[in-house]
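Number of protein chains: 2
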Amino acid sequence: MRIERTQWDPAQNALEESLFHTANGYLGVRACPEEGAPAGVPSIRGTYINAFYDVKPIRYGEKLYGFPETQQGIVNLTDVQNLRLFLEDEVYEPLRAGEVLACRRTLDMERGLVTRFIRWRSPKGREVEVTVQRMASLAQRELFIMRYTVKSLNFSSRARLISREEGAVTNFADPNDPRVAGEALQHLRVEEVRPMESGGLIRSRTLASGLELAVAVGYALPAGFALSVEARPAALEARMEGSLEQGQSLTMTKYAVFADSRRHPDPAQAAPVILAQARALPVTHYETRQRELLEAFWLRSRVTVRGDEALQRSLDFSLYSLYCSAGRDAVSSLAAKGLSGEGYEGHYFWDTEIYVFPFFLMTDPALARGLLDYRHTILPAAREHARIMGHDRGALYPWRTIAGSECSGYFPSGSAQYHLSGDIAHAFLQYYYATDDLAYMAERGGEVLVETARLFLDAGHWHEGSFRIGAVTGPDEYSCVVDNNFYTNAGAQETMRGAAMITRRLMEAGLAGRLLAATGVTREELSAFLRAADAMYLPYDETLGIHAQDDGFLKLATLDLSAIPQEKFPLLLHYHPLWLYRHQVCKQADTVLAHFLYEDLADEDTMRRSYDYYERCTTHDSSLSACVFAIMAARLGDMDKAMDYFRRSATLDLDNAHGNTRDGIHTANMGGTWLGLVSGFGGLRVKADGLRLHPRLPGSWDSYSFPLCWRGSRLRVHVTDVGCRVEALGGEALTLRVYGQPVRVAPGQAAEVPLPREE
Amino acid sequence: MRIERTQWDPAQNALEESLFHTANGYLGVRACPEEGAPAGVPSIRGTYINAFYDVKPIRYGEKLYGFPETQQGIVNLTDVQNLRLFLEDEVYEPLRAGEVLACRRTLDMERGLVTRFIRWRSPKGREVEVTVQRMASLAQRELFIMRYTVKSLNFSSRARLISREEGAVTNFADPNDPRVAGEALQHLRVEEVRPMESGGLIRSRTLASGLELAVAVGYALPAGFALSVEARPAALEARMEGSLEQGQSLTMTKYAVFADSRRHPDPAQAAPVILAQARALPVTHYETRQRELLEAFWLRSRVTVRGDEALQRSLDFSLYSLYCSAGRDAVSSLAAKGLSGEGYEGHYFWDTEIYVFPFFLMTDPALARGLLDYRHTILPAAREHARIMGHDRGALYPWRTIAGSECSGYFPSGSAQYHLSGDIAHAFLQYYYATDDLAYMAERGGEVLVETARLFLDAGHWHEGSFRIGAVTGPDEYSCVVDNNFYTNAGAQETMRGAAMITRRLMEAGLAGRLLAATGVTREELSAFLRAADAMYLPYDETLGIHAQDDGFLKLATLDLSAIPQEKFPLLLHYHPLWLYRHQVCKQADTVLAHFLYEDLADEDTMRRSYDYYERCTTHDSSLSACVFAIMAARLGDMDKAMDYFRRSATLDLDNAHGNTRDGIHTANMGGTWLGLVSGFGGLRVKADGLRLHPRLPGSWDSYSFPLCWRGSRLRVHVTDVGCRVEALGGEALTLRVYGQPVRVAPGQAAEVPLPREE
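Protein sequence lines, in the order shown, are assigned to chains S and H.
Following our numbering, the numbering of the first sequence begins with 1 at its first residue and continues without gaps.
Following our numbering, the numbering of the second sequence begins with 1001 at its first residue and continues without gaps.
To be clear, the hints were calculated from the coordinates, so they are not data collected in a lab.
A few of these clues could be false.
To be verified - Over the 12 Å line for every Cβ pair with chain H, so calculated as not near, a few chain S residues:
no.: 1; residue: 139
no.: 2; residue: 280
no.: 3; residue: 312
no.: 4; residue: 390
no.: 5; residue: 413
no.: 6; residue: 520
no.: 7; residue: 527
no.: 8; residue: 559
no.: 9; residue: 742
Stated by the list, open to error - Derived lysine to aspartate or glutamate pairs resembling DMTMM-like cross-links, with alpha carbons at most 25 Å apart:
no.: 10; chain 1: H; residue 1: 1063; chain 2: S; residue 2: 62
no.: 11; chain 1: H; residue 1: 1555; chain 2: S; residue 2: 62
no.: 12; chain 1: H; residue 1: 1568; chain 2: S; residue 2: 62
no.: 13; chain 1: H; residue 1: 1555; chain 2: S; residue 2: 541
no.: 14; chain 1: H; residue 1: 1555; chain 2: S; residue 2: 464
no.: 15; chain 1: S; residue 1: 641; chain 2: S; residue 2: 603
no.: 16; chain 1: S; residue 1: 555; chain 2: H; residue 2: 1464
no.: 17; chain 1: S; residue 1: 63; chain 2: H; residue 2: 1621
Claimed, not checked - Over the 12 Å line for every Cβ pair with chain S, so calculated as not near, a few chain H residues:
no.: 18; residue: 1084
no.: 19; residue: 1090
no.: 20; residue: 1172
no.: 21; residue: 1300
no.: 22; residue: 1400
no.: 23; residue: 1516
no.: 24; residue: 1543
no.: 25; residue: 1555
no.: 26; residue: 1600
no.: 27; residue: 1701
no.: 28; residue: 1730
no.: 29; residue: 1747
no.: 30; residue: 1751
A quick note: this is a predicted structure, and the numbers were derived from the prediction, not measured.
All C-beta atoms in this analysis are idealised placements derived from N, C-alpha and C, irrespective of residue type, glycine included.
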């Protein structure tokens, strides 16, 4: 289970920095060359802590009422990647001078290690092998370990290693790409550089948010090497010197501990303690723990496909990346780029709930619940956001945020995306259905559901007997501020029904105390939720027999996408938004996604016609689109098309298909890949009345299988061309529906379910 | 004909600086205290040249494709207002110390002079009268004259005057008001300060646009006074000393000449020449010319109302202000605030064509044609703007601009206002109807019409047999980016028909050469214009029997405006735009305005029902609204309501009804006031088939009258309670329609037309 590159292409450097980044849900370090990237080689040198942010002003050409004045952004941290190797008078600069004789970069997804190996001949003929191994510890989140091994092949010499912890760092920016920050800003001010015994500490503070970061580093040297550590302006520099004999291999280990004030009351006190603990144990301890944790991860999560090795690798890469990206505490979630880059500035979007959450929910419900905790943590900010947006009640989740406030500088495809509140409610309900965890609903879930339901009740209005919601933006950002977006209205309907249902269950179970105290929700309000939900207006076009994306969409000018030259995609970088708004063109799945999430709203024919119609309009300029089309193509039985979309989704980052993986991996798409397989081919649906499967085998595969977790029980589903086998691995006996029929499985047993004849 | 204030209220200082500004269409000087405003007294010290701008970057929270990167803004110029008077050891600071015994500020609209008179007792008991008289010469645009007269009432002393020309000036800003600039920036860099004989010169250049400004000043001293002029950093300082005897009155005259590089190839060479010419003539020469020019202006323009003196004053003030605001060359037009302040940053909007142009068209067609020339000048920029917005052909006029490029930083209520191109086409057509000037159409008008028609043809699309235009914003900015805005579609229809009609007339007259060369328009294209125009979709609600503002408006949530507290208005400063977009609420007349401009599209009942419906939705938060409701109320026969709206319009600035006249006068509303009287009560319409009048007398007036110019003929219309009298003052005999009936008048004759019996 590894990703490997054995070619060095300078143009791909920033891309590979993303793909081979090292992360553990808390800390992320891009795979930047330790010796620095030569001039002309693209590089985004970055290290990040999940949810560790600074605040900067948002500037507007015209600032209207309620526009957010500031924006949070993930901070590029103290750079601990710098290591320079000197062999007598020569410096090891394989990307700049001499000759690279062999190179190999590896991500080992069983061991949780990234390795960079280079065999190099210096300009003076010295041949050396340098192997750098990186690990962001899954057992100790603050800990990043680099092992630097040098082997001389044909010489003996003095060797010097200079390691530099650089505190004067800035964030990456591109003023012309709305998907990354517009200005390169320095966010960290170094407050203290403290050399310590065999290492040191750099303490910094973010300029505006005032968060504190302490980075403690320590070195384990090869025998015979001498260390000196000195404070430099905003940096620490460690020099290690000794001798390297021909044929000898030397290893230096660097420990870097990142502690921040969002998790530690005194980071500068905590970091050295954690560092000391780490150094008291052998490196192998952390390597072993890493392997054990990943073994458990793969056991509960791994999806296997027989008959397509490359695809298997992509699937593994996706799930591994998600595991390394997901926050493990209530102040963090899973950013659009995980911890692999600065794209979208480390913000959390709906990506988490709609694209990634289902994977964790069905494989690691405790981690999934942590993602919900985050949304509960920022509920006060979502309430405040609703007030700014003109709602007397309810909570409107921000389109993009880290600490809770709206960070979008363009509300038509920002705050106007009211569906976010429905997406979050959907995740809470899915969690409840999959876990039966009513206690969690009593403690947190009910409050989020009631507050989001209130938002929709306040946002909508009654018109001609139906309940409508004007002036919102759906998932498709090529239409903005529309009336009655089908997806949004469907989500609002589910949210209001879900809030009423959960509240009533809590009342019946005598568990509603906390919810009532927190929200003061009344029975009248629940009735109002249900009345609005029952009367929800869901635009349908009788002529076309499809759900309309919104009230106006189907009357707009049509567009022949095939007539647009390939280099004009993604359209958002080549057309004014108003031109896009004027046409029937979609950046991504919108109504088609609604038909996946809210499938009871459409019959088979409506789904099929809608799919066909919107497929013609959709550019898939968003990385969130292909997987949804894969799921729905499978749902509608078009397995070839499903496979096409599924491959696009599965290989997006490894193939750099969107051309911007340098800014970070696309985590939503990775979750979508899992969905494509499990909900697409596997037909998984999480429903109030239980688990449903409808597995089908794509023609090009021999078989596939995936594990599932359902209300404490663990299952594995094996799918072949004759049907599927559902194996219960633990927990209690349960009944699920497979191909529409109830199937009961008890622990240790398996049920074979043949594919229905008509399929 | 004067506006006068005899009270000094410090809180009103910035407001009075606007009301008593001095301007001549080229140069504008706010009425700031010569001695400086004391701390705590609001003051916006400003001097402007029409269309003299700098360029600054527009910053965006998220910059999408095609958003303008820079913005033009009017520049606050070298400040020549500073004059300090010293009487021995005391300084004349009437607003800060001592006692104001009497004060009077006067705008004399017959003489074109602003006078500030103060009788003051100093802390030591010196009593003095200071009279400052200002004139921006209508005869010599670059020339601004200040006469400073000091009279000693009870003392004799040495007197010293220090005049300072300050080059280090900045623009005014308010970061929280989208209607003024967000950042206070210095735009002028002083390049040279040159003392000269009895005066001096300051030469400056704008930082980004590189425009040059030269200000030459000269002084005429009281007898016995000595002058010394010195260069200071970025300033000139002139000291004048002499003695003042008890009872004596001394006058110092300061000439300031502003020459800029948009009008002069070498401003620093031109300014001293113009100054020398001016000084070679007595001041009375310019005073006489000023009076003569204003006499002619009033003769051709003045509207008189008998029975309401205050209203008469407001009307005079409006027309006078318009005359002083309108650009007289092809690089300038008439800014939203004229030359009285920095609101809307000196930009030109549709205000000019729809609200102000009719007044000039009907009283001073040559000046009106100059305003059209400006639009022709910026046609290349409008073509470029269309390309940015995704149109292969046609010209899209920018929402706000000085030199032609789009200066709006928020496109939903900026570039999306496609109606601007229709508004401009409308003005060209009105000009043609009122002047029969086919030569102008051959030279300029046809090109603008064809290019705007092309824009609409490209922006629209065919759907179910009708021609529709999606994703635009109409005049009402509380709804943005809507489909089939009635107003916009109506304008597009007129534009396409007008372009076809004018082109055919030019072809028939053998005058189409220039147009064909410039546009390559074909007969096929003209047919396409007409097909689209004939099939134009004009949304109509069958149930309500009204024209729908757009496809979605009438289905939005309704809003009870009376339930919103008064302090929440204007809503745009207290509600997020998305909240406004979600409701049936209008900032200003939209469909109601369409029913005025394009009255053939609606029958009487539709107009009335629409008026009633939209009146309930409209906040009149825009100063462009009341006058339109006045016109349409009169049109529909509700004279009381018409009078209410008319008064609101007529007194808006003098009463500071919108609370922001400190940022400048509201020129569009002033034009609207004229329209309210002449098109509202007078029923004036300019049609392809001639001039129409339908005059009615409001109950509270004895009579009113207004002059008109029609195809070279001059008329005056007197209206009483029994009908009207149309007097032909000059030109040829003409036939117009009064109360629907043709009436023929020959020069020197008058026709009495009785009010039809049914009215």
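Compute the least Cβ-Cβ separation between residue 520(S) and chain H, then decide whether it is above 12 Å. holds, 24 Å
Would you check whether the claim that residue 312(S) is not at the interface survives, using Cβ distances to chain H and the 12 Å cut-off? holds, 38 Å
Is the nearest CB of chain S more than 12 Å from the CB of residue 1555(H)? Residue 1555(H) is in fact no farther than 12 Å from some Cβ atom of chain S, at 5 Å.
Say whether it holds or is violated: residue 559(S) keeps its Cβ farther than 12 Å from all Cβ of chain H. It is violated; residue 559(S) is separated from chain H by about 10 Å at its closest Cβ, not greater than 12 Å.
Minimum Cβ-Cβ distance from residue 1300(H) to chain S exceeds 12 Å: Answer for residue 1300(H): holds, closest chain S Cβ roughly 39 Å.
Checking a non-interface call: every C-beta of chain S should be farther than 12 Å from the C-beta of residue 1400(H). Is that right? Non-interface label fails for residue 1400(H): nearest chain S Cβ at 10 Å, not farther than 12 Å.
Residue 390(S) clear of chain H by more than 12 Å, beta carbon to beta carbon? The assertion about residue 390(S) is violated, with a minimum of 3 Å to chain H.
Hinted pair residue 1063(H) and residue 62(S), Cα distance within 25 Å: holds, 13 Å
Non-interface claim for residue 1543(H) versus chain S (Cβ beyond 12 Å): The claim is violated: residue 1543(H) sits with its nearest Cβ about 9 Å from chain S, within 12 Å.
Just double-check residue 1172(H) for me: nearest Cβ-Cβ distance to chain S has to come out over 12 Å. For residue 1172(H), whose nearest Cβ neighbour in chain S is about 16 Å away, the distance exceeds 12 Å, so it holds.
Classify the label on residue 280(S) as holds or violated, using whether its beta-carbon is more than 12 Å from each beta-carbon of chain H. The claim stands: residue 280(S) keeps its Cβ more than 12 Å from every Cβ of chain H (closest is about 48 Å).
Is it correct that the beta-carbon of residue 1751(H) has no partner in chain S closer than or equal to 12 Å? Residue 1751(H) is indeed farther than 12 Å from all Cβ atoms of chain S, at 51 Å.
Consistency with the previously given hints fails for numbers 4, 5, 8, 11, 22, 24 and 25, ordered from lowest to highest.
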